[in-house]
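K.L.:
So you can see what is in the structure, the chains are spelled out below.
Protein chains: 2
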Amino acid sequence: MSAAREPLDVAAIVAAIDEVLAAATRPIALHEPRFGGRELDYLGECIRTGWVSSAGAFVDRFEEEIARFTGARHAVLTVNGTAALHVALLAAGVSRDDEVIIPALTFVATANAVQYCGAIPHFADSEERTLGLDPSKLAEHLAQISDVHDGRCINRQTGRRIAAVVPMHTFGHPVDMAPLLDTCRTYGLPVIEDAAESLGSHYHGRHTGTLGRLGVLSFNGNKVVTTGGGGALLTDDPNLARSLRHLTTTAKLPHAWEFRHDEVGYNYRMPNLNAALGCAQLEQLPAFLEAKRALAARYAQALSRITGARFFVEAPGVTSNYWLNALLLDREDTGARDALIEALHKERIHVRPAWTPMPLLPMYRGCPAMDLRTTKSLHARLVNLPSSPHL
Amino acid sequence: MSAAREPLDVAAIVAAIDEVLAAATRPIALHEPRFGGRELDYLGECIRTGWVSSAGAFVDRFEEEIARFTGARHAVLTVNGTAALHVALLAAGVSRDDEVIIPALTFVATANAVQYCGAIPHFADSEERTLGLDPSKLAEHLAQISDVHDGRCINRQTGRRIAAVVPMHTFGHPVDMAPLLDTCRTYGLPVIEDAAESLGSHYHGRHTGTLGRLGVLSFNGNKVVTTGGGGALLTDDPNLARSLRHLTTTAKLPHAWEFRHDEVGYNYRMPNLNAALGCAQLEQLPAFLEAKRALAARYAQALSRITGARFFVEAPGVTSNYWLNALLLDREDTGARDALIEALHKERIHVRPAWTPMPLLPMYRGCPAMDLRTTKSLHARLVNLPSSPHL
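Line by line, the protein sequences are chains A and B. Using my numbering, the letters of the first sequence map in sequence onto residues 1318 to 1708. Using my numbering, the letters of the second sequence map in sequence onto residues 1318 to 1708.
Chain A with its partners taken away, still in its complex shape (with noise of 0.2 Å):
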């Protein structure tokens, strides 16, 4: 960040960057599946029982496999984390015109479920420390902008109702969960945790996704493990999970032959068929973890000796999954940035800077924000490396 240290020398940084991926064939993705397990024995029970679609005993056996992992008492499956994120929001009570805060770096699917419930996502600031939500600057800003009016907080600069807060474990590191908690308490927010990219990682102990009153995982094909498209919903509340599920199946009331609904529920409950993959998926999770740390701290030791840059590693007392592994630069330079992209490219690496700031989107522009000055220093400065666990 500061003039004073030392330009990015990119051909030492593609160097340390070719050695540590030299047995990997080329082109190398940025994040690729693993099949190595019982994949195709579970794709072929769906097929032979006949049981594919939106019920199953893999649907069953995967939503208590990932509540058992993670330390969940409930964990419900959706079509996908963006789904999730969606049904997530309406339990937690959001509603039309309410803001939502998440932070500006992020995927967009964060800030469109907040849309979908027709409220306006309110953007955040991040922490280098750990590439999420700021909870000192949000307290600060809360302090700011705020008014609790009979367990209401309002903000005052738009007079419209604060309804959530949703911190988001950028590439599998936990955000500051613990003052995060504590502010959101003072002004009676419900914590919504974006886990999308963070199955695996814990703070302190306790699996993300865990800590707030609901959290969202994501079994896209680019995740540590994967359903072909999916995602999850977790929860230790027996209500909210029944909510969570009657919401996610068309909010049709229990009957052996009639259909009624009594609310506008959705169709986002996870097929049989991907949850097979699931299952045989999440018995290679622990190898997964393993390798994609083996390949971090290789990332890591080769990159040590590199000037300009260094490699991001998880904060103290968390344990990151190590979804995408990041390295930092230390000057706001998109140009030395998109240099390394480009030469990384070349060698047919496929690299990426971080998501372009939600406020920078046509359709996020003008939506609150707090300044977002270290949000726009990682963008500049990001660049996201290959991380696959069989790398």
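One or more of the hints may lead you astray.
[Claimed, not checked] When the alpha-carbon atoms are kept at most 27 Å apart in a straight line, the in silico DSS-like pairs for lysine-lysine are as follows: (1) K1663(B) / K1454(B); (2) K1663(A) / K1693(B); (3) K1569(A) / K1454(B); (4) K1569(A) / K1663(B); (5) K1454(A) / K1693(A); (6) K1693(A) / K1569(B).
It should be emphasised that the hints constitute simulated quantities derived from the structure, not laboratory data.
Given chain A's structure and the hints, the job is docking chain B onto it.
P.N.:
Okay, now just chain B, sitting in the frame of chain A:
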């Protein structure tokens, strides 16, 4: 309908249905998928190649094959039929506080998709000849309640714009599209066909879903062919196809590494794993359709001697896929209908009445509606019968 007709002989109907299904193992489901083709080969190919998620060869191939089968110029795959309906409405220009005319007798997804756009369902009556939206009542209703100003059709009673009409091909039986399209042309209303149940059904030689501006298919587990969960959009308009593809893939702009999105998009793309199943199923569709029509003919034959009820057959000039076979009682007598349903369930033959008409569901109470006497009558008189192709 008339009190002069014969009362219902429940035992005789049960005996007739029992005879048709004599060879089948109990319990007999309403509609079960059949996997007798290359399902496992294609799933295996996904696992072997590593392509299971929202891009892959089976997605492209299934789109091409669906387009070829239906005669649509473009097909765009989605996670399910509900998602397809939602983006079809958005692409047709449906906006917040618009009204969309849909049949009152439909699966709840049709109404929910309207609500997802922030629009209001406006319920239309069905006709007994097709079980679908009644074109002449629609013409009469629009003449009575609407004005066209500057190409916008305005509901005089609510002041809201009527933005689209969504006929639904009930249980596979095509709506009488020609007069419906005429009326919609007069009022400048785009037609979106909900063909979720009618893959393989034709209206005067043209496949359902290709007659309006946009069509929607479903590949849910209970449909003629299944992808676990899945749906498709059909259109002949290349610009519309492009916009549907964009909307269903988070509205991301193409770029080798940058993440930019230019509108609120959706994570609605069908995963390759599910498309693989679809490709294998589609190869068997002609055989499934033949088997289903043969089953319908057996029901028609067996039930021809029954008094107080008749088997529902396709209208002249159309071909139904007979997705769900239906029995229509002569009289509106929900007591007799339920007695028949219970008697068949006791025989472990799963049957069901039509869906609860939409205006009776709490969330759609009070929505605008025309006179719905045929909907009410059909709901009181209809029973769906087991319809799997292997029966």
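K.L.:
Would you check the hint for K1569(A) and K1454(B), treating anything up to 27 Å between C-alpha atoms as holding?
P.N.:
At roughly 30 Å apart (the allowed maximum being 27 Å), K1454(B) and K1569(A) break the hint.
K.L.:
Does K1663(B) lie within 27 Å of K1569(A) when you go C-alpha to C-alpha?
P.N.:
Status holds; Cα separation ~23 Å.
K.L.:
Holds or violated: are the alpha carbons of K1693(A) and K1569(B) at most 27 Å from each other?
P.N.:
holds, 21 Å
K.L.:
Holds or violated: K1663(B) with K1454(B), Cα cutoff 27 Å?
P.N.:
violated, 40 Å
K.L.:
For the pair we were handed, K1663(A) and K1693(B), check the Cα-Cα distance against 27 Å.
P.N.:
violated, 66 Å
K.L.:
Given the hinted pair K1454(A) and K1693(A), is their Cα-Cα distance within 27 Å?
P.N.:
holds, 15 Å
This entry does not satisfy hints 1, 2 and 3, going by the numbered hints stated previously.
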